Every structure is written in structure tokens, then in C-alpha cells.
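Here are the chains, one letter per residue:
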Amino acid sequence: MTTDGRPLMSAGRIPILAPEMLTEVIGSACDIALLISPSEKVDSVVLNPQHRFFGQLAGWEGLPLADILSPESVRKFNMRRADSKAKGVPILGIELNHADVAMWAHPVRYSVHQIAEDGTLLMLGRDLRLVAEVQQQLVTAQLALERDYEAQRETDTRYRVLMEVSRDAVVLISASTGRIVDVSQGAANLLGGTRGELTGAPLAQEFDGRRRGELLEGLTNLASAERKTPMELSARRSSRRLLVTATMFRAAGERILLCQLEAATTAVARSDDLTEGLTQLYHEGVDGIVFADADGNLRAANEAFLNLTDTASFAAIRGRSLADFLARGEVDLRLLMDNVRRTGQLKFYATRLNTDFSGQVAVELSATWLNDRPDPVLVLVVRDASRAEAMRRSTLPGQDEGSGNVMELVGSSPLKDIVAETTDVIEKMCIETALELTRNNRVAAADLLGLSRQSLYVKLRKFGLINRDDD
Amino acid sequence: MEDMTRGLELPTDRATVGLSRFASDVVELLLVRGGARPAVLDEALLQQFMQVIVTGNLADIAQLRGEFRRLHVTPGSLAELYIPEVARRFGEAWLNDTMTFCEVTLGSARLQSLLRDLTSDFFDEEMDSSAGGVILIVVPDGEQHTLGGLTVAWQLRRRGVSVCLLLGPKLDAVRTLVASRRFNGAFVSVGSSRHLKDLSELIRAMKSCESHSLMVAVGGSIAEAEHDEVARSGADIVTCDLDEALGIMGVDMARARVGRF
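Chains as they are written, first to last, in the numbering used here: chain A, 1 to 471; chain B, 1 to 261.
Honestly, the hints are just simulated from the structure, not real lab data. There's no promise every hint is true.
Said to hold, decoys possible - Covered stretches of chain B, going by a simulated chain A footprint (3 or more residues, C-beta under 8 Å):
| id | stretch |
| --- | --- |
| 1 | 98-105 |
| 2 | 109-120 |
| 3 | 143-150 |
| 4 | 163-173 |
Said to hold, decoys possible - Cross-link-like lysine to any residue pairs, in silico, SDA-like; alpha carbons within 20 Å at most:
| id | chain 1 | residue 1 | chain 2 | residue 2 |
| --- | --- | --- | --- | --- |
| 5 | B | K207 | B | A179 |
| 6 | B | K197 | A | V74 |
| 7 | A | K76 | B | T100 |
| 8 | A | K76 | B | V104 |
| 9 | A | K428 | A | D417 |
| 10 | A | K459 | A | T422 |
| 11 | B | K197 | A | L69 |
| 12 | A | K76 | B | F101 |
| 13 | A | K76 | B | R194 |
| 14 | A | K76 | B | E92 |
In this text, all values refer to a predicted model and were calculated from it rather than measured experimentally. Every residue gets a Cβ at the ideal spot worked out from N, C-alpha and C, and that includes glycine.
Only chain A is shown next, with the shape it has when bound in the complex (with noise of 0.2 Å):
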């Protein structure tokens, strides 16, 4: 066709050509042309002449073309040229890979013409092999690229585990911005926050007193120090004395400090100042302070305590079982007991203390096993919850987190569906925690949880917590 869309032989104006002509024109409007017979038979191979990239290809002459094209390219071009006979059309632009036993596959874009009646096709190419060892480049570089991802995988997974499971406390941080880049599970338990609540947080924040430039210029020099003398520092979140010593490294232009924490507890020296304040500490504190038996029995119970509970005097209530004052009762205390005598201490264990006239009080409790004695003492720590929690609320974490959740969740389900479903999950995760708290003792967990033996024996079946037979 012309480009105004007459037919260019009809107008007379091309000769009809000799044969040699032909083919020379043919090579040379083109990289590569075979001519099919109807057999789909190779009867010649024309070559371009200023293309040197495909060699010698005279052995091509004679092969079915299913021969030198790739399995893939045959179904191809099967499938396009059954489409092409129907429709009455000729394959404008099909990409077929060559694939011989001396060449390597590479790919030509054809058109593809029917040139006499009897079927006979010819195939028009365009060489696509710079285009094909560029993108062969791309694959290669691709390769490489996802074989350090997955070298890279392995070994973040090794750090990640040690960081989650290792009980040395180890904390990274970001000398230029003073702010924690990551934190051991055991770093995070002597600062008395989760990981992902430290990770990202300024340092200077986590201890009591310590201004940020003051602290980082500390660490630093610590850590190019000869000798280096632990700083001691005060954790604000679990107000323990930590021991703290420095290391200096560089990571991909950035300069890291690695602290290593250790709990200051044997350095506290024993003095009288101590032992007076700590006396002061016991009359005059805001927390409730009382020591009891190893049976739970009161020793001792500061003014504080008195208060809490509406007391008149120490007097009326010495020998008495702290179960008489917590909410649970019993229970209350054997979960007590039992978490103090294995770990050797209970952080913000919530409940309620009975009153004298019959109230209840929401209270904090932190207990410790003084186990270093004949006769082992029960220290616990009692701090009025309610006035705690009223002064968290303005600011409570996670709480954009969790309205989040919600406007994902809103819209995937009816309501009801949501609501029937949220109560199974509150049921499900009580009975579990309940005999978590209970280490496995059903009838304790359904006393905790106020329901009756075989309640939740039902429960426990509902949710595949039991099986059938191990009642």
C-alpha cells in the first residue's frame, strides 16, 4: 500500500521484479526472511546482507519449520496462524524463538504473509537479539539481586532470633540522632517497655535526669574510653539502676553506639542513709507496703495500706490472710503465690482490695519473693490503680491503632456478625488466660472467670480447648 492506501503494484508504478531483484530486496527490507512452503517446510532462508548476527543458516533449508522454532513459538504460531487463515488476515507482528541445536534461542518478530494460493508463506523478520541481551542483562541482575535478598533473609532471620530470644541486654543506637535503632527482649525487660514500644524512641527519654547531648556525649566517650567504667543510669519506665557500657561501630555511614545494660543491683551499697530511708520510706510512702508468710499471713502493713482498706490500726488486722483483702480471695492469692514463688516476682497485677465497710478499691499490686532466708517473706507493693489509670487516659497508646483496625474491619461484615464473633474471641482468650493463670487448674479458672465447673467444660469444648474424652 501506499500511504495514502492504493495498492502500489496496481498503480503500475514498481515493475514486476526478476527473481535475483526480489530476493535482494527482500534481504534487505528486512534482517531475516524464510520462505514456508505449504508442507510448512523451510525452502529458503534470506539473509540480510549488512546483518552479519545470524551466520550461515543455509542448513535451515529443507527442516519443518516446527524444527528451528522453540515449542513455545510453535503452539505460537499454530494458534496465530489458524486465527489468521480464519479471519483472512496476515500476521502483522508475531515474536517467535528460534531454537536449533547449533544456535542458542533468540528472538525474531515476523510478519508473516500468505503469498500464493496453495498456502506458500512468507516470513519477514526483525532480528531482536540487542534487544534480547538486554533484557537477558535485566534477568541476570535480577538473579543476583533476589539471591542476596535470600542471603539476606537468613541472616536477618538469625539476628532477628537472637534479638527476640537473647537474654543479654543489648541496645542500638543511633549516635546522630540519640534515638534506639533496636533493642534486645533483654534490654527491653530491664527498661520495662516491649521492643516495639523502644525501638525509634529517643534514649535520653528512657532514663531519669539525663538530657540528650549530655547522655549521647557521655556513651560516646565511654566508648572510646581505654577503661571502660560502666555510667550508671536510672530506667524511667521500671526505675531500676542499670549499669551501661559503650561501643562505637559504623554501619553503612551511620555511627552506632551498642550499650550493654546490666541491672546495678549488687552495686548498691548498704548504708545507714539506706536502711533510714527506706524506714521513712515504709511510714510515710503513697503506696501500700506489707510483708506476710509464706502462707499469705500479714506481718506487717505500712500506714498507706491502712488507708487503702479503711483500717483503724495494724493491730486489727496482724495475722490475717491477705486473702481477706483481695478481691478474688483465695484465688487472688494462690495466683499470687504460685507466680512469685517461680519467678521470684509479679509486676502490675490488677484487682480490688476489700474494704472494712464492705467497698472495693482498684489497686496495682508488685510483689517480691524475699527467698534468701529460712523463712521467706512476701513483700508486695499496693498502688491505688484508679488514680493510675485516670491520669493514662489522655494518653492512651494504641488506641489510633486500634480505630484503625476497626475501619478496616467495618464493611467485611454484617455487625451482628461482627459483635457475635468479637464475643466468641473475649470468651475464647479469658477461658485461655484464666488457665494460663490457673497453670492448667480448671476449677480455679472457673471460679476466675464466675462460671460453673460444667459451664466451662462446655466452653472449653466450643472453642477445641478439650477434647471430648479428656474430661
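Given the structure of chain A, go ahead and fit chain B onto it with the hints provided.
Relative to chain A, chain B alone:
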């Protein structure tokens, strides 16, 4: 009277705070459960997604994310459903010559990079050594596209299976690896019949360890197109059905789990 006020008000404050936190936990749990529900492809969204991948304007992906969220398409569904489907349609488009092999290669590379972004933070399977099994995945040397192998790796990891992924390894490296580690089974992802003749040799290398026989499954587009020939290569299983292959290998799927993703 003052005492009664204290007794009524303060515990209520505390209860509100506690319940609010508790409800957040519950919602989180429900979302985890939601992740386990079978997701379905949204054709209009798929077309949009495909268009963004073809044009290569990854900034549009950020815009699409909002749409994905609105239709409750999690990153997990994107990786497990949408990315493989777009890859399959790219293959079809090459067959119909509506996309050139260059466009298909670039599109696949973009899908692969997106898959990597979506799954790079997913480490759950590694932290629970009791879940699932240990599987070797091999993408043979010379394969042009690794997206299939990577997608299978992700799908297995999501099921709690620990995966060792070998991309274009030499046969010696394969022999050394199978001799030194104990896998529950192995997958080979083959996309082109050009590599069929090398497949037998690869499978022989994978089964070279004398102390234990490694069960090998072959998948990829070749598993459908050249099923009989692949079966003659020495593979124990020829399938594109991951769960079927895991079942035959005896990987404990009862322990596998689907995390929130």
C-alpha cells in the same frame, strides 16, 4: 458518701480504659481470622493493577493501595492472588502478541519487586520451628523468569513452611546442599521447555543423597503444557497445585497457619 463516689467512679474509668485496650486486641484477632478467609479476584481492580504494572508508574501503586484497602484486599491476597494472575495474563498476552517479550520481562520484574516489598517483613515461619516443614525450591539455571519460584516460596512461608530458595544453582551446589540438610521435599519451577533436557540431570542431583530420598515436585507453566515429558524426567510429582504436592510429601499442614498479612 465521699467514699461511695470514689468507689463508683474510679473503677468505671479503669474499666473503660481496660475494655478499650481489650477491644483493640479483639479487633486485631478478628482481622487475623479475616486474613484466613478465601479471597476472590476483583476483575476491575485486577485490570487497574495490570495497567499500573505495564506502564511502570509505580507511584500509581500508592494510589491503588487505597482501593485495595477499601475492597479488603490484603497484601497477602495481593501476593498470593493478584500477582500470579497478572503474571499468567502477561504470558497469554505474549502468546497473542498484545505484549512484546520486552514488555513482559519488564512487567514481571516490576511484579517481582512488588512481591519482594510486600513479603520482606514476613518472618513468622522462622520463629516457630514446630510449624510446617522444610522445603527446597529450585529455579533451574537459565530460566528467564523467577517470579513463579518466588511466589511459591512466599506461599509456602505463609503456610508456616521454612523455605530454602536456590536460584539458578550449579549442580554441585545442589548436591552439596541436599547432602547437608534434611528437606521434607523439593519443588522445581520450570517455565520453558528449553530446559526440559537439563531437568532430568537436575532431579538426579537433587536425589543424589544416599542417606535419604528427596521427593521432587515439578511445577510452573511447563507442568501443564508438557506434563508427560516432565513426568519422564524423574519427578515424583508433576503439578501446579501446591497443597496437593505438600500433601503427597507428607508436610504437616495441620500445623501450618495463615498469619495476618
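Against the structure, the hints:
1. 98-105: holds (count 4)
2. 109-120: holds (count 4)
3. 143-150: holds (count 4)
4. 163-173: holds (count 3)
5. B/K207 to B/A179: holds, 9 Å
6. B/K197 to A/V74: Satisfied, since the Cα-Cα distance of roughly 18 Å is no more than 20 Å.
7. A/K76 to B/T100: Judged against 20 Å, a Cα distance of about 13 Å means the pair holds.
8. A/K76 to B/V104: holds, 16 Å
9. A/K428 to A/D417: holds, 16 Å
10. A/K459 to A/T422: Holds, at roughly 15 Å.
11. B/K197 to A/L69: Judged against 20 Å, a Cα distance of about 16 Å means the pair holds.
12. A/K76 to B/F101: holds, 13 Å
13. A/K76 to B/R194: Between A/K76 and B/R194 the Cα gap is close to 15 Å, so the pair holds against 20 Å.
14. A/K76 to B/E92: It holds: about 10 Å lies between the C-alpha atoms, which stays within 20 Å.
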